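Trainee: Sequence:
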Amino acid sequence: MSVASAIDLKQLQHELQSARGAFDKWALNTVSAADQLRNSHKQIVSELRGDIELLKQRQQELSVQAENLRQRLSVEYSQEEALQAELSLVQAEKAALPLKISKLQEALRLENLKLQRRESAIAQEETTKQKTMSLLRHDLDTFRTRLGLSFRGVPGEELSFVFTSIDPKDNARQFAFGVKVQEGQTYTVTTCEPPINALDGLVQSLNKGTIQFSAFVQKMRRQFQHLC
1166 MSVASAIDLK
1176 QLQHELQSAR
1186 GAFDKWALNT
1196 VSAADQLRNS
1206 HKQIVSELRG
1216 DIELLKQRQQ
1226 ELSVQAENLR
1236 QRLSVEYSQE
1246 EALQAELSLV
1256 QAEKAALPLK
1266 ISKLQEALRL
1276 ENLKLQRRES
1286 AIAQEETTKQ
1296 KTMSLLRHDL
1306 DTFRTRLGLS
1316 FRGVPGEELS
1326 FVFTSIDPKD
1336 NARQFAFGVK
1346 VQEGQTYTVT
1356 TCEPPINALD
1366 GLVQSLNKGT
1376 IQFSAFVQKM
1386 RRQFQHLC
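Residue numbers for the sequence shown follow this note's numbering, so the first one is 1166 and each next one is one higher.
Everything labelled a hint here was simulated from the structure, so no lab data went into it.
Remember, it's a predicted structure, so these values are computed and weren't measured experimentally.
Idealized CB from N, CA, C, for every residue including glycine.
Each hint should be verified, as a subset may be incorrect.
[As the list claims (entries may be wrong)] Each pair of labels, with its calculated beta carbon distance range:
#1 1393 to 1277: 20 to 30 angstroms
#2 1366 to 1325: 31 to 41 angstroms
#3 1317 to 1393: 46 to 56 angstroms
#4 1213 to 1235: 26 to 36 angstroms
#5 1256 to 1351: 50 to 60 angstroms
#6 1360 to 1276: 45 to 55 angstroms
#7 1284 to 1264: 26 to 36 angstroms
#8 1339 to 1303: 16 to 26 angstroms
#9 1257 to 1222: 51 to 61 angstroms
#10 1264 to 1291: 38 to 48 angstroms
#11 1302 to 1348: 12 to 22 angstroms
#12 1206 to 1239: 42 to 52 angstroms
#13 1284 to 1263: 26 to 36 angstroms
#14 1291 to 1256: 45 to 55 angstroms
[Claimed, not checked] Straight line, CA to CA, 30 angstroms or less: simulated DSS-like cross-link-like pairs of lysine-lysine:
#15 1207 to 1221
#16 1345 to 1296
#17 1373 to 1296
#18 1384 to 1345
#19 1279 to 1345
#20 1384 to 1334
#21 1373 to 1384
#22 1384 to 1294
#23 1296 to 1279
Construct all of the structure, not just a fragment, from the sequences and the given hints.
Mentor: Right under this line is the structure:
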């Protein structure tokens, strides 16, 4: 019996074709699965790369923001330090103000006290001058008729004494001198017409209290008489 007759060739061919079809189908499915796996891998890789790029961009943005914040914080810290220093100065000045105010108030009090004393001294001096002037006027009233004396006031609290009836040749001729009362109730002769040599000595005697003012006026009249 031959081999060909012993084997059903059709059946074998059919089985081989069936096996080949199954293999082809498996191979096709395997290739398709591999393609899908590769495609899926490519997509995942692409997405991951895209995410990586986005994260890198974000990282760069965050780095810029961090640097900006660092610079801003540095500036603000410097400003804060400057403000703290200025605040310390202001607080120190504020703390020193009460003592300064106290010193100024004390200086003001002393100045007011000094002013009050000065005003009191001026008022007393003015009162003394007024009294002296009053006594002078009283003496002048006494001398007016007896010595041919008259007087007139001039600006600056000064009195001008005018004598007549001294020159036998000219009874109306005037002999005059001006007197001003200084501080401490001293006297100064501001004018004298005609001049007399003994004037300085008479003024010194008057200011020393050696002679009274009435005696001074009489001695001045005698000096004018010596000129005639």
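Trainee: Checking each numbered hint in turn, tell me which of them this model violates, lowest number first.
Mentor: Hints 1, 2 and 3 are the ones this structure does not satisfy, whereas the remaining hints hold.
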